[in-house]
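Enquirer: Position chain B with the ligand relative to chain A; hints supplied.
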Amino acid sequence: MAGKTLYDKLWDDHLVKQRDDGSALIYIDRQLLHEVTSPQAFEGLRLAGRKPWRIDANLATPDHNVPTTDRDKGIDGIVDPVSRTQVETLDKNCDEFGILEFKIKDQRQGIVHVIGPEQGATLPGMSIVCGDSHTSTHGAFGCLAHGIGTSEVEHVLATQCLVQKKMKNMLVKVNGKLGRGVTGKDVVLAIIGKIGTAGGTGYAIEFGGEAIRGLSMEGRMTICNMAIEAGARVGMVAVDDTTIEYVKGRPFSPIGEQWDTAVAYWRTLHSDDNAVFDKVVELDGAAIKPQVSWGTSPEMVADVDGQVPDPAKEEDPIRREGIVRALKYMGLQPNQAITDIQLDRVFIGSCTNSRIEDLREAAAVVKGRKVAASLKQAMVVPGSGLVKAQAEQEGLDKIFIEAGLEWRDPGCSMCLAMNADKLGQGEHCASTSNRNFEGRQGFGGRTHLVSPAMAAAAAVTGHFVDVRELLN
Amino acid sequence: MRAFTQHQGIVAPMDRSNVDTDMIIPKQFLKSIKRTGFGPNLFDELRYLDEGKPDQDSSQRPLNPDFVLNQARYKDASVLLARANFGCGSSREHAPWALEDYGFRVIIAPSFADIFYNNCFKNGLLPIVLEEEQVDRLFREAEATEGYQLTVDLEAQTVTTPSGESFSFEVDNFRRHCLLNGLDDIGVTLEDAEQIRAYEDARRKTAPWLFNSVNQ
Ligand code: SF4
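Those protein sequence lines, which keep their order, are chains A and B.
As numbered in numbering that gives the first Met the number 0, residues 0 to 471 make up the first sequence, in order.
As numbered in numbering that gives the first Met the number 0, residues 0 to 215 make up the second sequence, in order.
Just chain A, same shape as in the assembly (with noise of 0.2 Å):
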């Protein structure tokens, strides 16, 4: 009999009840809260006069709107009313219901993703809803992870269930050892140009190989966090002892007794030797070099030594369209180099790169370095108050701003321009988030994404260059 894949293991052990029509009602362990897409959940459950479930699985924090500069003003600092209003409303509605959460004003706060795992709130095994589509970032954990949309936190609200179908089964393995500069930003930007933003589809992907079980958590987490720019709702990675040393000692982990539990439990989580898997993709992960997306689709990706492809040479007529329309918006002509891309702005932080592995991997890139003098902008925003803290403690805050950067405070920021940091129109920004489409990062604005490290490189040289190059 052919094994199970770690998906299916985490499927079954969530499995309320199978129905005839093939959906099943999985029960979620821990369901994660923000702004943006909760306060019409709970209006709805406020409407129908239902009742959470189990209030004690809910966990909230306010990320998407917060600004990133004055927040000892707490709520009162953010400037613009409606945002304003959104955040309050979560705090009413946890208030009300009891939920617990990160406020602005707590050192814990931060952007969901980022919180989490932070917190030992996200552990191996758990299925993990929130409606934000990189909420397959925990899959990093061994965890089934998935984005939903405001009635399906509703939904879990009031019934701990999603209603489900069970995905396809897809393994994506890098094989080898990352060269030195190479990142997990790098692995999973090259993974979505091998396989497409649709290539994913349907599928939860497991990734796995050499290449993945070297990566730290952080790096499995930036691997994960992407699945979705692949289509695929799910990303996951087996549980190891790189699993297991992060998760100890959390705030929210087992401790005793039960922790032994835990851990003979978690170290199951793993695809078996004879699993079988609806779909298989193989990467050298030596082969892989820093990567730079030119384009408004995360595959639309190059090597940093690379060239921006040429619509000429493209055979399929929608795709050629597709590049043709990107060029233009992104303002770069066929065969330029991707060294020769000029930058304005550098973000580096989201929920991909906001951790403080990418801070340090920044950090150690911008050191006794200057930012570039033709850049209008290059701010690094931890992902946490608490990541904050630590890279304060570890002096990352002064090589920052000694080089020139600012240094913000946490929330999703430029990710995606709903607080005040934005891009113009027509600037180009070197990026750590995780979407470059049209508009995201500010009206009209060009967004190039890249590792932290990556990121940094471009700050002290204004166009982008192979960081490997400045490490020595």
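Possibly wrong hints are sitting among the right ones.
[Said to hold, decoys possible] Below, in silico cross-link-like pairs of lysine-lysine (BS3-like), each with a Cα-Cα straight-line distance of 25 Å or less:
no., chain 1, residue 1, chain 2, residue 2
1, A, Lys247, B, Lys204
2, A, Lys312, A, Lys327
3, A, Lys91, A, Lys104
4, B, Lys204, A, Lys16
5, A, Lys375, A, Lys327
6, B, Lys33, A, Lys50
7, A, Lys312, A, Lys278
8, A, Lys8, A, Lys247
9, A, Lys193, A, Lys312
10, A, Lys172, A, Lys278
11, A, Lys91, B, Lys204
12, A, Lys164, A, Lys288
13, A, Lys102, B, Lys33
14, A, Lys8, B, Lys204
15, A, Lys50, A, Lys72
16, A, Lys91, A, Lys50
17, A, Lys176, A, Lys288
18, A, Lys164, A, Lys278
19, B, Lys204, A, Lys3
20, A, Lys16, A, Lys50
21, A, Lys102, A, Lys3
Worth flagging that the hints you see were computed from the coordinates, not collected in a lab.
Expert: This is chain B with the ligand only, laid out in the frame that chain A set:
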């Protein structure tokens, strides 16, 4: 939720693949705490020439004449014909809210992004997957004929062209059932409350740490 059984309406062809939810409803409009009123900002960046702001009267804004929904012949469209991977990107349910608020009831494409596809059903919007060649055909016909309409029958799972030709489509039974009857998913799930409790009891024995409260 509004039930969906049959629908006949004008078709607007949007000839672009990978239309993401940022494009369907840009982020500045996500600050609303309501579910309605997103229609005027549907496809905001493509539809208007200026930068859209929340709480602004969109009827006074300069329209982009090249954008399909701004052409007089598609003014009353309620069926959106789209290309592959429609609705990719962010999970925002504001995307189907905006499409529905604008007046769309059906979206036809060769493929959809998962989360978006799922969100449509919760909002009385029917996403239909047809074969690439069939979608191509519909694009050609819709562009060639002014006032081109399609008839969609969810019960029979068919899309019928003005010439009477029918294409059938797949939709899973549970979603079809809920949409046909305008059923609220939560109510349906709560019918299984006992089973959910039984699951919790069993799980609490084998994995007690999952039930530790975060509210301490
Ligand atoms: S950092 Fe960006 S991608 Fe992540 S949750 Fe915030 S807005 Fe979404």
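Enquirer: Hint by hint, note whether the structure agrees.
Expert: To see whether the hints hold, each was checked on the structure:
| no. | hint | in the structure |
| --- | --- | --- |
| 1 | Lys247/A / Lys204/B | holds, 22 Å |
| 2 | Lys312/A / Lys327/A | holds, 17 Å |
| 3 | Lys91/A / Lys104/A | holds, 15 Å |
| 4 | Lys204/B / Lys16/A | holds, 19 Å |
| 5 | Lys375/A / Lys327/A | holds, 23 Å |
| 6 | Lys33/B / Lys50/A | holds, 20 Å |
| 7 | Lys312/A / Lys278/A | violated, 29 Å |
| 8 | Lys8/A / Lys247/A | holds, 23 Å |
| 9 | Lys193/A / Lys312/A | holds, 18 Å |
| 10 | Lys172/A / Lys278/A | holds, 11 Å |
| 11 | Lys91/A / Lys204/B | violated, 35 Å |
| 12 | Lys164/A / Lys288/A | violated, 37 Å |
| 13 | Lys102/A / Lys33/B | holds, 22 Å |
| 14 | Lys8/A / Lys204/B | holds, 18 Å |
| 15 | Lys50/A / Lys72/A | violated, 33 Å |
| 16 | Lys91/A / Lys50/A | holds, 15 Å |
| 17 | Lys176/A / Lys288/A | holds, 12 Å |
| 18 | Lys164/A / Lys278/A | holds, 18 Å |
| 19 | Lys204/B / Lys3/A | holds, 23 Å |
| 20 | Lys16/A / Lys50/A | holds, 22 Å |
| 21 | Lys102/A / Lys3/A | violated, 41 Å |
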